[in-house]
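**Q** For reference, the chains in residue letters:
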Amino acid sequence: MTLDKAKIGQRIVIKNILDDNIRVQAIRLGLYEGAKVSCSAKIPFGPIILGNRLQEIAIGRELAKKIKVDVIN
Amino acid sequence: MNCCEGLKIDIPKGAKKIVLAGNPNVGKSVFFNALTGVYVDVSNFPGTTVDVSHGKFGDDVVMDTPGVYGVSSFNDEEKVAKDVIIYGDIILNIVDALHLERDLFLTLQLIDMGKPVIVALNMMDDVERNGIKIDVEKLSNLLGVPVIPTIAIKGKGIDEVKKNLYNARVGNANPHIMKYLKDIVEKVEHQSEALLILEDDDEFLNAYGFSRMNLREEIYRLRRQAVDEIISKVIINDNEKNSIRQKLGYYMLNPITGIPILAVVLYIMFKVIGVFVAGTIVGITEETIMQGYYEPFVKGIFANLFGDNTVLYRAFAGEFGILTLTPTYVLGLLMPLVIGFYFFMSLLEDSGYLPRIASLSDKVLSFFGLNGRAIIPIILGFGCITMATITTRLLGTRREKIIATALLGLTIPCSAQLGVIAGMIAPLGAKYLLIYLVTIFFVFALTGTILNKVLPGESSHLFIDLPPIRMPRISNVVKKTWTKTWMFLKEATPLFALGAVIITFLSETNLLVVIQNFFAPFTVNFLKLPKEAANAFIMGIIRRDFGAAGLTDLTLTPEQTVVSLVTITLFVPCIASIIVMFKERSKKEALTIWLGSFIAAFLVGGILAFILI
Chain A
1 MTLDKAKIGQ RIVIKNILDD NIRVQAIRLG LYEGAKVSCS AKIPFGPIIL GNRLQEIAIG
61 RELAKKIKVD VIN
Chain B
1001 MNCCEGLKID IPKGAKKIVL AGNPNVGKSV FFNALTGVYV DVSNFPGTTV DVSHGKFGDD
1061 VVMDTPGVYG VSSFNDEEKV AKDVIIYGDI ILNIVDALHL ERDLFLTLQL IDMGKPVIVA
1121 LNMMDDVERN GIKIDVEKLS NLLGVPVIPT IAIKGKGIDE VKKNLYNARV GNANPHIMKY
1181 LKDIVEKVEH QSEALLILED DDEFLNAYGF SRMNLREEIY RLRRQAVDEI ISKVIINDNE
1241 KNSIRQKLGY YMLNPITGIP ILAVVLYIMF KVIGVFVAGT IVGITEETIM QGYYEPFVKG
1301 IFANLFGDNT VLYRAFAGEF GILTLTPTYV LGLLMPLVIG FYFFMSLLED SGYLPRIASL
1361 SDKVLSFFGL NGRAIIPIIL GFGCITMATI TTRLLGTRRE KIIATALLGL TIPCSAQLGV
1421 IAGMIAPLGA KYLLIYLVTI FFVFALTGTI LNKVLPGESS HLFIDLPPIR MPRISNVVKK
1481 TWTKTWMFLK EATPLFALGA VIITFLSETN LLVVIQNFFA PFTVNFLKLP KEAANAFIMG
1541 IIRRDFGAAG LTDLTLTPEQ TVVSLVTITL FVPCIASIIV MFKERSKKEA LTIWLGSFIA
1601 AFLVGGILAF ILI
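Chains as they are written, first to last, in the numbering used here: chain A, 1 to 73; chain B, 1001 to 1613.
Honestly, I wouldn't trust all of these hints.
Take a look, some chain B residues computed to stay more than 12 Å from chain A by CB distance [claimed, not checked]:
1) Lys1138
2) Arg1221
3) Thr1280
4) Thr1552
No more than 27 Å apart at the CA atoms, straight line, and that leaves these computed lysine-lysine pairs for DSS-like [what the hints assert, rightly or not]:
5) B:Lys1247 - B:Lys1017
6) A:Lys66 - B:Lys1013
7) B:Lys1079 - B:Lys1013
8) B:Lys1133 - A:Lys36
9) A:Lys65 - B:Lys1363
10) A:Lys7 - B:Lys1156
11) B:Lys1079 - A:Lys68
Only some residues are given here: those of chain A computed to face chain B with a beta carbon under 8 Å [claimed, not checked]:
12) Met1
13) Val13
14) Leu18
15) Phe45
16) Gly46
17) Asn52
18) Ala58
19) Ile72
The hints are simulated quantities; they were obtained by calculation from the structure and are not laboratory data. Yeah, the Cβ is synthetic: ideal placement off N, Cα and C, and Gly gets one too.
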């Protein structure tokens, strides 16, 4: 599934980021293939907030559609 | 190749270059101040300053760099940081202990560059408060460089860092990456250059005639894995409890609570800046101090010098005099407003609220071909369009920059203008305020939507780090407010003086009447305003608030007031922002925006006049 379908509180693992430019930048912030993060908030119709421990990243909804993830557990 | 060619920093022979590097908002500036004793701008939003501050530490030179997540060229900040870091002799890497997994990526990259590195593990109090324990000694061993725990804002550990600065060591580079690097290192001057070539940095690929290796992702992944491995070894007790500050962060993001919070914040800003400062404070500074004491004083001096009915008297101390009108406007009217505005901006920046506003407004701005980051130049625009136009650089694509620049130039009134507008519209009551707001918002939405449709290409998406919510330090906020106000005054005062000279010239030569008459068909028939309103429009080209203030002298009906305020708001931005617009955008784009706002202002003003009057 894609990231925009993730639900708040879900633990997810990143499978692939289908945007070349963002993919490289995302690795630096800890989002890469195999990284486990949680969906900590979702702004209705707006960005998805991913949390990795105390680190948080806001990802635009359209971009989230280009990020493939799997739900853990 | 040499360091800092673009920066023009004078580095004495034999002096070492000590470079401060770190992610955004890790407290770099506090270290910079402690080492050099000079203040620099501290900002909580990634990417609001691209300047490099530098100072002295003993005989050596200390250079600050913009906060970055890694050394590469994804944006201006990174290019500047790269330029400084790559030729540094000692790197003081400031790390936010609470965000170790994010910050260590840069640390490992610096170590892979083969630079002598010392790490200041900052914000250790945050770590303790969150119930986390970090094995500092083990971290130091794994990295191969000294690691000093610090709480910089309380001054803890700073002396230790100073003492150990020259103990910086070349750390344990990533063996997998070094294997790739081996062949390149022999062909270039510095290992740092070799690393950037390996990571496909265009600047160094071109400089040394290498072709892309397409290994960057692989290198980044190896580095990321190394970070994760280190984290798993050094973080002993990881308590994942939600702190109050984290909860507050979520409340700011969730629209149900976030929009009311934003509304309250904006309302407080309006009450303080628009009502208290623009009314009470400006009443004292402009009327009592400047017009009551200062102007009569200057007029007296010049009347004695030149007589009170000469051109020179009028040029210096007359109605539009350089020494009367200019200081009264700049110091009496503008300065209190600008101080008020920058004070709030600094609070928003330093508290970490600004990126959350960006996330919250992402959806709305997407209708206009912008992402949430564009809220920064837009909010800044309410302070000063000139400054806001410069910050459109932080937007991802050319089309976003054009859209944001056009919206700023056309629809956003700057703080000085806002004060005058608020002062004129407030006595008219809610109905006219509503007409004004709806018209301006309508033009904003229409312009944004049309540009989004017309301009080719695609806009970039929101992808930002949300810094933790922090209590802003009041001393820092005050310093920042003053620095920015001072910069603004330095920039604005000569333009005001120029404006005063031009207006005096026009009025002395009767050209003002000629221009008034030339525009009279427009102003009188189309906008249905008195022909003297043309004065305000002419002055508006010099500075927008100048123009708005010119309207206060006219006797207008409420309808005429709204029409003239709408026209003056949409009207061409001030000379300073036009200059910046031409600098930042291409000539064709800047000219289109400039003329476009001219036409839009009169068209919308005319339509409104047709409906209302």
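**Q** If a hint holds in the structure, say so; if it does not, say that too.
**A** Taking the hints in turn, this is what the structure says about them:
For B:Lys1138, the non-interface assignment is confirmed: its Cβ lies about 18 Å from the closest Cβ of chain A, beyond the 12 Å cut-off. The beta carbon of B:Arg1221 is not kept farther than 12 Å from every beta carbon of chain A, the shortest such distance being approximately 6 Å. Listed as outside the interface, B:Thr1280 is consistent with that label: its C-beta sits roughly 38 Å from the nearest C-beta of chain A, beyond the 12 Å cut-off. Every C-beta of chain A lies more than 12 Å from that of B:Thr1552, the closest at about 41 Å, which supports listing it as non-interface.
Using a Cα cut-off of 27 Å, the hinted pair B:Lys1247 and B:Lys1017 is violated, with the two alpha carbons roughly 42 Å apart. Taken as a hint, the A:Lys66 and B:Lys1013 pair is broken in the structure, with Cα atoms around 52 Å apart against an allowance of 27 Å. Note on B:Lys1079 and B:Lys1013: the hinted pairing holds, with a Cα-Cα distance of about 25 Å set against a maximum of 27 Å. At roughly 21 Å between alpha-carbon atoms, B:Lys1133 and A:Lys36 fall within 27 Å of each other, so this suggested pair holds.
The suggested pairing of A:Lys65 with B:Lys1363 holds, with an alpha-carbon distance near 14 Å, which does not exceed 27 Å. For the hint linking A:Lys7 to B:Lys1156, the alpha-carbon distance of about 42 Å lies beyond 27 Å, and the restraint is violated. A distance of roughly 30 Å separates the Cα atoms of B:Lys1079 and A:Lys68; the hinted pair therefore is violated under the 27 Å criterion. Hint on A:Met1 is violated. Least Cβ distance to chain B is approximately 19 Å, over the 8 Å limit.
At a threshold of 8 Å, the smallest CB-CB gap from A:Val13 to chain B is about 13 Å, leaving the interface hint violated. Violation of the interface hint for A:Leu18 is found here, the shortest Cβ-Cβ separation to chain B being roughly 12 Å, above the 8 Å cut-off. Below 8 Å, beta-carbon pairs count as interface contacts, and A:Phe45 has one with chain B at about 5 Å; its hint therefore holds. Taking 8 Å as the C-beta contact cut-off toward chain B, the hint placing A:Gly46 at the interface holds, the least distance being around 4 Å.
Here the hint on A:Asn52 is kept, as its CB sits about 7 Å from the closest CB of chain B, short of 8 Å. Hint status for A:Ala58: holds, given a least beta-carbon distance of 4 Å to chain B, under 8 Å. For the restraint placing A:Ile72 at the interface with chain B, the shortest Cβ-Cβ distance is roughly 15 Å, beyond the 8 Å limit, so the hint is violated.
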